[in-house]
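Novice: Residue numbering for the sequence shown follows the working numbering, starting at 1 and increasing by one per position.
Treat the hints as calculated values from the structure; they're not laboratory data. One or more of the hints may lead you astray.
Derived DEER-like restraints, expressed as beta-carbon distance ranges [stated by the list, open to error]:
1. Leu339 x Arg390: 28 to 38 Å
2. Phe304 x Ser174: 25 to 35 Å
3. Trp192 x Val541: 24 to 34 Å
4. Leu339 x Ile295: 41 to 51 Å
5. Ser346 x Gly476: 15 to 25 Å
6. Phe470 x Trp343: 53 to 63 Å
7. Leu493 x Arg532: 12 to 22 Å
C-beta: ideal position from N, C-alpha, C; glycine also.
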Amino acid sequence: MENDYRPLLSSEQVGDSFSHRGSTDSLDSRAKRPFYVEPRNIVDDEPQERVSAEAAILNSRVHYYSKLTGSSDRLLSPPNHVIPRTEEIYIYSPLGTAFKMSGKDQASKNPSIITIFAIWNTMMGTSILSIPWGIKQAGFTLGIVILIFTGLLMLYCCYIVLKSPKAITYVDTSDWEFPDVCRYYFGKFGQWSSLVFSMVSLIGAMVVYWVLMSNFLFNTGQFIYNYAHHVNVSDSDFGTNDTHDRVICPYPKTDPGGNHTFSTHHVNTNGNATFDIYSFEHWWSKTNTVPFFLIILLLPLLCFKSASFFARFTFLGTISVIYLIVLVTIKAAHLGFHLEFHWFDSTSFYVPELRLLFPQLTGVLTLAFFIHNCIITLMKNNKHQENNVRDLSVAYLLVGLTYLYVGVLIFAAFPAPPLSKDCIEPNFLDNFSSGDVMVFVARSFLLFQMITVYPLLGYLVRVQMMGQIFGNHYPGFLHVFSLNALIVAAGVLTAKFYPNIGSIIRFSGATCGLALVFVFPSLIHMISLKRRGALRWPSAVFHSFLIILGVANLMAQFFM
Numbered sequence: 001m002e003n004d005y006r007p008l009l010s011s012e013q014v015g016d017s018f019s020h021r022g023s024t025d026s027l028d029s030r031a032k033r034p035f036y037v038e039p040r041n042i043v044d045d046e047p048q049e050r051v052s053a054e055a056a057i058l059n060s061r062v063h064y065y066s067k068l069t070g071s072s073d074r075l076l077s078p079p080n081h082v083i084p085r086t087e088e089i090y091i092y093s094p095l096g097t098a099f100k101m102s103g104k105d106q107a108s109k110n111p112s113i114i115t116i117f118a119i120w121n122t123m124m125g126t127s128i129l130s131i132p133w134g135i136k137q138a139g140f141t142l143g144i145v146i147l148i149f150t151g152l153l154m155l156y157c158c159y160i161v162l163k164s165p166k167a168i169t170y171v172d173t174s175d176w177e178f179p180d181v182c183r184y185y186f187g188k189f190g191q192w193s194s195l196v197f198s199m200v201s202l203i204g205a206m207v208v209y210w211v212l213m214s215n216f217l218f219n220t221g222q223f224i225y226n227y228a229h230h231v232n233v234s235d236s237d238f239g240t241n242d243t244h245d246r247v248i249c250p251y252p253k254t255d256p257g258g259n260h261t262f263s264t265h266h267v268n269t270n271g272n273a274t275f276d277i278y279s280f281e282h283w284w285s286k287t288n289t290v291p292f293f294l295i296i297l298l299l300p301l302l303c304f305k306s307a308s309f310f311a312r313f314t315f316l317g318t319i320s321v322i323y324l325i326v327l328v329t330i331k332a333a334h335l336g337f338h339l340e341f342h343w344f345d346s347t348s349f350y351v352p353e354l355r356l357l358f359p360q361l362t363g364v365l366t367l368a369f370f371i372h373n374c375i376i377t378l379m380k381n382n383k384h385q386e387n388n389v390r391d392l393s394v395a396y397l398l399v400g401l402t403y404l405y406v407g408v409l410i411f412a413a414f415p416a417p418p419l420s421k422d423c424i425e426p427n428f429l430d431n432f433s434s435g436d437v438m439v440f441v442a443r444s445f446l447l448f449q450m451i452t453v454y455p456l457l458g459y460l461v462r463v464q465m466m467g468q469i470f471g472n473h474y475p476g477f478l479h480v481f482s483l484n485a486l487i488v489a490a491g492v493l494t495a496k497f498y499p500n501i502g503s504i505i506r507f508s509g510a511t512c513g514l515a516l517v518f519v520f521p522s523l524i525h526m527i528s529l530k531r532r533g534a535l536r537w538p539s540a541v542f543h544s545f546l547i548i549l550g551v552a553n554l555m556a557q558f559f560m
């Protein structure tokens, strides 16, 4: 009887050959799957339900594999195609009654339309505010071409990332993320470097958020103060004369990093008395005071142990983007199009169609299309896994069309003359007066959205960093507070001394894109093909070219 339960192939015969081929602890999840036996007296919606002949065959195959080797050896574990589907697994009670598994994992899956818009909503970040500025830096024609070309490259690299776990054989990668794939191919170096570059993208986004929240809070407070005190604002900034759709050039022929204030005066009801309000400007400054006011609100929120409360407000991102699209459409309809095509020479009001500053746009777009560090997780929730590539492509198409729509309309509608196209700001909302009601609503929406998203980004940074260093997402209040204080300090200093979101986005995008978009996916793809003996020289040349593009994209940011 003892021999009946002994495996045909013992672990001693197999040795450690499989462990040398990259076996990991993640295989334990397969060992924990419910054991499948032939059902009797099935209890389900219909009594006496019987399983199919195919399920019976699968049952025999599982028994066969279990006889070949012991549970401690994973060499001859039942492969995925032998394990029955969730809806074909039954759990037996001691009374001989079998209950079909409910398949809750399948029930929680999302249809393709939800998956597509989840990707669209995740990618639609602060970069959308800098797309018109990026097109201006590259030139209108070249900017459109670069946007389309970069979107296609980012889509292809994202496709490589999505397929990378499935290219690994003999290992269960069902619960792997991209850092796990990097660790499989490059060891500890791959794991830690992917973590570092992922931190660059997250912390860079948090710095941009702090700069934008300071901007939006300042303009929102300015609008409320002016409205409450009946202040007649006479902007010193050069702009159009239209009172309803006034477009301004905050820094004509000056450094965008400066801190300009308004020369404003209060006019009372009879128009006779005026008084100086510089005291308000002294305490309500975009760079000197407002970034510090945000510390009181946001630093405590970052120290929350769980971020589930803030996750409930993620829908505000979709509302904000939709409102921005509506705002851009209305402004473009009122202002009309102002375009002239000068291919290489600039004029007083128009920029060339082809400019040498185009790497600034590629840096912005690298972050604008960046979702590579979480695409595997997003796609795991897709109900129809066979449609992953299609859904990913559709999502990228929607993102690209959104960027094109906003960028082209803002650039084309920017009134030149009297203003120059070179006046388009890295945050295009800065080109509208602080008294514009529609822009005030947009800033208020974005401010509230960013206040709820900022703690989520901090939570992601904490989970990844503390998890890797201490093995605990919340090792202690002092550790978490120190990390959050450093992140907040980086945002405050940037908002005070260099509040240029365009440059911050392009540098962080080019830096994280170098590793997570171009280098690691390309190397992993070539190594995988080489191990299968399928690597050909055209593929090697193309993916090596992608790596060179990533390096050039980062290096070019330092010369712009």
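Novice: In this structure, is the beta-carbon distance linking phenylalanine 304 and serine 174 contained in 25 to 35 Å?
Specialist: holds, 31 Å
Novice: Is it true that the C-beta distance of serine 346 to glycine 476 lies inside 15 to 25 Å, as the hint says?
Specialist: For serine 346 and glycine 476 the Cβ distance comes to about 57 Å; the hint is violated.
Novice: Are phenylalanine 470 and tryptophan 343 spaced within 53 to 63 Å by their CB atoms?
Specialist: holds, 57 Å
Novice: Return holds or violated for the Cβ distance of tryptophan 192 and valine 541 against the range 24 to 34 Å.
Specialist: Hint holds: Cβ distance 29 Å, inside 24 to 34 Å.
Novice: Within 28 to 38 Å: is that where the Cβ-Cβ distance between leucine 339 and arginine 390 falls?
Specialist: holds, 36 Å
Novice: Per the hint of 41 to 51 Å, is the separation of the Cβ atoms of leucine 339 and isoleucine 295 within bounds?
Specialist: holds, 44 Å
Novice: Should the hint that leucine 493 and arginine 532 are 12 to 22 Å apart at their CB atoms be regarded as holding?
Specialist: violated, 49 Å
Figure legend: structure checked against the earlier numbered hints; hints not met, in rising order: 5 and 7.
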